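Protein chains: 2
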Amino acid sequence: MGRTTLKDVGDHVGVSAKTVSNVVNGTGWVREDLKVRIREALVELGYRPNAAARQLRSGRSGMIAVALPDLSQPYFAELASELVAAAEDRSITVLINQTNGHADAERRISDGIGIPVMDGLILSPLALSADDLATRLDTTPIVLLGEHIGESPFPHVTVDNTAASQAATAHLIASGRRRIAAIGAQPSGPNETSELRLNGYRAALESVGIAVDERLICTVEEFHRGDGALAAERLIDSGVAFDAVFAFNDLLALGAMHTFSARGIRVPEDVAIVGFDDIEEGRFSTPSLTTVSPDKAAIARAALDLLADPSTSPIETIIPFQIMRRASA
Amino acid sequence: MGRTTLKDVGDHVGVSAKTVSNVVNGTGWVREDLKVRIREALVELGYRPNAAARQLRSGRSGMIAVALPDLSQPYFAELASELVAAAEDRSITVLINQTNGHADAERRISDGIGIPVMDGLILSPLALSADDLATRLDTTPIVLLGEHIGESPFPHVTVDNTAASQAATAHLIASGRRRIAAIGAQPSGPNETSELRLNGYRAALESVGIAVDERLICTVEEFHRGDGALAAERLIDSGVAFDAVFAFNDLLALGAMHTFSARGIRVPEDVAIVGFDDIEEGRFSTPSLTTVSPDKAAIARAALDLLADPSTSPIETIIPFQIMRRASA
DNA sequence: CACCAGCCGTTCAACGTTGAACGATCTTCG
DNA sequence: CGAAGATCGTTCAACGTTGAACGGCTGGTG
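Chains as they are written, first to last, in the UniProt record's numbering: chain Y, 1 to 329; chain S, 1 to 329.
Source of the hints: derived by calculation from the structure; they are not laboratory data.
Be aware that one or more of the hints could be misleading.
What the hints assert, rightly or not - Per the computed footprint, the stretches of chain S lying under chain Y, defined by three or more beta-carbons under 8 angstroms from a beta-carbon of chain Y, are:
hint : stretch
1    : 52 to 59
2    : 67 to 79
3    : 93 to 100
4    : 251 to 263
5    : 273 to 286
Remember, it's a predicted structure, so these values are computed and weren't measured experimentally.
Beta carbons are placed, not taken as given, at the ideal position from N, Cα and C, and that holds for glycine.
Use the sequences and the hints to build the structure in full.
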């Protein structure tokens with residue numbers, strides 16, 4: 001009735017379970033003819049290794065956990081997709097968790113509660129800071145993703161958000177825009193993504209001697225399309241003149257673009273827009289979205305490399321980015 | 001050095017491991033004062049249950065596997081998000097796999113290879129048919145998602161694709177369109193999604209006495225934005241007149257919309273568009289996308305219900321849909 | 001006072017797998 | 001001819017947990 005075990009196969013062939021194990025794993029010595037018979041029995045009886053027992057015995061699970069804020073956000077979905085693909089190349093199975101950016105969910109994950117013993121954890125924290133994580137209970141290797149990290153005792157993978165934002169803003173400046181709004185500031189709570197991108201924005205303006213007009217800096221609750229749309233509404237209604245928008249992610253940019261379109265504001269003629277993330281969607285929006293493109297596949301590979309690498313010094317891997325010039329700016 | 005075990009905690013308090021286990025699980029009898037001391041020790045030593053051992057002993061893992069073609073497609077990402085959320089309500093952990101629609105990946109998953117023994121599997125097959133799955137090795141409960149199913153011996157959750165497509169097409173007809181193109185036919189290989197939606201399209205036209213013009217039926221490789229854009233290009237270049245498009249999913253619709261915009265064709269004035277899936281993106285596209293909206297949260301809940309329900313008769317759950325009327329049609 | 005029921009906690013074995021240690025046989029070589 | 005290796009397979013124990021069975025207490029009941 002139950003699943004076939006090594007012992008079942010061994011009994012069927014007339015050898016010990018361990019010998020079957022040796023054939024399955026290619027360990028030890030087994031005669032060729034016996035190997036053949038055992039392999040036949042393996043197939044005939046439909047043996048599949050019990051991962052739990054294997055893990056209990058060996059300590060390795062062949063699985064890593066990936067914890068992301070929200071899969072319904074394309075950036076994280078695309079990143080997850082890359083991580084799964086990259087892990088598969090290394091025959092690692094990925095277990096994906098959704099934290100919704102909640103601190104308790106992130107802590108539970110980082111403490112390894114409620115999930116099987118993992119060989120590693122890739123966490124993209126929103127709520128938890130490096131200090132919070134320093135006290136975590138679990139000792140499984142961890143790699144952090146994103147920029148909510150600061151001085152982290154853990155290896156992490158990130159893009160240079162300030163530089164990237166500066167480049168994005170500089171691109172708008174280079175195309176002749178002077179009244180550049182920023183959508184994505186988050187005053188409530190120290191959201192490092194938002195801060196760093198805002199810093200880049202300011203730096204770009206200042207480096208060419210444009211004064212930062214605080215009225216052009218729009219705050220948002222979250223980084224979703226709806227927030228971008230709302231921010232754009234408010235910006236228009238405020239009556240402050242602007243000729244470009246740097247949105248701190250693509251969803252905000254697309255939301256804003258939707259508002260502009262509804263309000264009869266032409267993109268890029270009246271307002272140029274640059275986003276951040278390079279999600280697929282921006283390639284097919286109307287108009288297509290100019291954006292900062294971090295190399296997601298490289299992020300995935302780097303994260304897995306850091307997990308695999310036994311040299312546990314806290315390494316920071318900076319992933320390159322490029323500006324994808326499309327129709328919106 | 002290693003992780004704290006029940007025995008460690010027991011030794012620390014001066015009781016057996018089993019007594020600690022009783023406290024952790026609320027089983028058996030333990031004096032109140034002892035419970036308190038054990039709980040303190042649990043926290044002090046940072047005990048966390050070993051899922052592998054638990055699973056090996058009890059046979060239950062508290063995890064289900066979800067296998068989807070591709071997370072980078074918003075529909076699947078949003079569905080995965082709903083599944084994870086719905087599973088969390090039932091304190092179930094979800095392990096997400098990506099099959100890329102490959103038959104071998106789908107078979108491996110359905111046979112439970114390479115993944116821990118799962119309490120259940122939710123599979124959205126693209127390549128595998130019901131017959132293929134009938135011979136699967138594994139006996140863990142399975143629920144199928146989507147319409148590539150036919151006469152399935154397994155419980156499955158789906159929307160009435162034909163009816164939904166008919167309703168979508170009818171909506172275009174009701175708004176006065178007569179030359180309605182269909183984007184999403186897939187001649188190569190029996191893709192049931194495509195077939196069913198095409199059937200609904202034909203049925204809607206025929207029911208009002210409009211002859212189906214085969215030149216208006218556009219084939220695509222996959223259901224991605226790029227395929228939709230390409231199909232629209234070809235449709236325009238073919239010179240065949242059309243005033244509306246029913247795209248078999250939102251990505252195709254958005255891709256087509258992108259082409260129309262680039263070619264100076266106005267949506268919905270010149271061409272009305274209806275999609276299928278109701279992904280977030282369509283709410284903020286320019287113009288916003290009218291689409292068939294299956295209730296994704298209901299799909300997630302139904303799938304989990306079917307997994308949990310011990311009555312293993314092959315049940316088909318039909319999920320309701322509605323037409324989301326937005327700007328594109 | 002004998003017996004039962006409710007408490008409280010223990011020991012034992014088993015889940016399926018694999019590393020370690022140990023035979024046994026057969027070659028090969030000094 | 002004896003010893004050292006190579007080859008082939010076995011048994012044993014352990015990973016951490018929990019169901020089953022058991023053994024004492026205490027207090028109440030017939």
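Quick rundown of the hints versus the structure:
no.	hint	in the structure
1	52 to 59	holds (count 4)
2	67 to 79	holds (count 6)
3	93 to 100	holds (count 6)
4	251 to 263	holds (count 5)
5	273 to 286	holds (count 6)
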